[in-house]
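Protein sequences, first through last, are from chains A and B. Going by my numbering, the first residue of the first sequence is number 1, and it counts up by one from there. Going by my numbering, the first residue of the second sequence is number 1, and it counts up by one from there.
There's no promise every hint is true.
Each computed DSS-like pair below joins lysine-lysine, with the alpha-carbon atoms no more than 25 Å apart [to be verified]:
hint : chain 1 : residue 1 : chain 2 : residue 2
1    : A       : LYS117    : B       : LYS164
2    : B       : LYS164    : A       : LYS88
3    : A       : LYS88     : A       : LYS128
4    : A       : LYS128    : A       : LYS117
5    : A       : LYS30     : A       : LYS70
Cβ-Cβ distance ranges computed for the label pairs, FRET-style [to be verified]:
hint : chain 1 : residue 1 : chain 2 : residue 2 : range
6    : B       : PHE239    : A       : ASP123    : 36 to 46 Å
7    : B       : GLY53     : A       : LYS88     : 54 to 64 Å
8    : A       : ASP116    : B       : VAL234    : 36 to 46 Å
9    : A       : LYS88     : B       : ARG88     : 13 to 23 Å
Derived coverage of chain B by chain A (criterion: at least 3 residues anywhere in the stretch with Cβ under 8 Å from a Cβ of chain A; other residues may be distant) [unchecked claim]:
hint : stretch
10   : 145-154
11   : 166-180
12   : 240-254
Just so you know, these hints were derived from the structure itself, not from any lab. Here a beta-carbon is modelled for each residue, glycine too, at the ideal position from N, C-alpha and C.
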Amino acid sequence: MALLEVQNLAKTYRQMGGDTTDAIGEISCKIEPGEFVSFVGPSGCGKTTLLMSIAGLIAPSAGQVIIHGKEVSGPPPNLVLVFQDFNKSLFAWRSVLGNVRFGLEARARRSRRGEDKARSLIDLVGLKGFENHYPWELSGGMQQRVAIARALAYEPEVLLMDEPFGSLDALTRLELEDTVLQLWEELRTTILFITHDIEEAVYLSDRILLLSQRPSRIIEELSIDFARPRNQVITRSQPRFMEIRNRIYQRIRNESAPS
Amino acid sequence: MNVGRDFNWAGWMLFALLLLLWEFGSRLSPALQSYLPPVSRILRSLGELIISGQLVRHLMITLSRFLQGYLLAASIAVILGIVLGYFRMAHSLFEAVIEFLRPMPSVAIIPVAVLLLGIGDAMIVAVTVYASVWPVLINTIDGVRHLERTLIDTGRTFGLNRRKILWLVVLPAAAPYIVTGLRISLSIALILVTTAEMIAGSRGLGFFILDQERSMNSSNMYAGVVLVSALGYVLNRLFVLGEGWAMQWRRGMLARESI
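Next up, chain A with everything else stripped away, as it sits in the complex (with noise of 0.2 Å):
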């Protein structure tokens, strides 16, 4: 049994003055444990929608989650979200050491051993010696870094990531992303990532699922079958990266065409 199943989602947001919108059209699709899963659409897709109601944040109008054999109606107690703005979500009073802990807080935690785990953590995705200063010290990489430690400490099965180098710059795109990599062999935690660039769901996934524009649904599926670890020289100069890179640039391009 899959880990994680969507089955037939759909998402209908109501707006002030009785208009809808309907953000997801009908989304099924199954997630194996391990599994380094991206969702790439253009944006305003509906990619967060998803998500959200993946991590049981919103409600979907149709369809279900179901983890576990479970259906999903809350935030599920294995599975957590790390936020596109990640200045919004982390805790601002408390340092990084702080805000890491609150991940093992929230699953009460909080002993010896857990000190020591918060630390290893921090050191894990190269903030060590930062562990004092509070978050608006450090860059918006260095955030990103403690929101995903934070989110690691909470020691979840499915680790969901919102666009969670969105707003960074190109370089310490690069470098994350590595970090994420790492931590993800390392951990072999599952994780489902949205981004709407193409090539880093390509160096990242196993697996990659299209989503078409507003009202999403899945418009194709890839497996992206690169040696690991993978490496943002030599993974990306290979042929077949430029050529799955442009097989979903224009899979894009033509389904968001106007028709």
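With chain A's structure known, arrange chain B on it following the hints.
Same frame as chain A, now just chain B:
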């Protein structure tokens, strides 16, 4: 913030100059002295009253009433403010009542309180609570309503229940607003304690000031006024110290924003 190294010499010189002007102006006219005794005589009265223990007793009574009223008001207002700020339903239910009661000058409640509670400590504390609830309440509601949605969703995705979200996320995030309310209420509470003591009561600094005025003992009256303003000053300094300690995480952040 004023720290030792940039001591405001000019300001204190002006203050000393005004005191000297008072001292010698008063000495020029014997007629004036019964209304406006020289500073030196006021200070002497203050010294004598303190040594005799008379004024200290009144001071302790006022301080105790102040603390009871202020702390009670703060606890009520923070809890209520968080609930009203967080739960939209509760807010719309209470909004009209709050908007009606808030603009009323709080001293107008004193006769009502006397009628209901007599002229004892309970009345004075009750009046103080009533008056100092508003700034904290309004600011807390404001603070909670201005919270980023992402912050609350972060609490939810980490599996926190509602009570924990309020305690671990909403309360600290709204703290800067709450502290502003607490600072405003500090002086309001002192005003109300003193006023209520003047209107009804046989002890406390407010009573002492009015009593000395009625017995035409103006230098003692001024001594009371000086002491009550000293009390206000000290309480305010203590508050600022406590605030600096509790809001440490914000200090650097604000300093950076103001550059």
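### Task
Please flag the earlier hints that this structure goes against, numbers listed from lowest up.
Of the numbered hints given earlier, the structure breaks none, since each of them holds.
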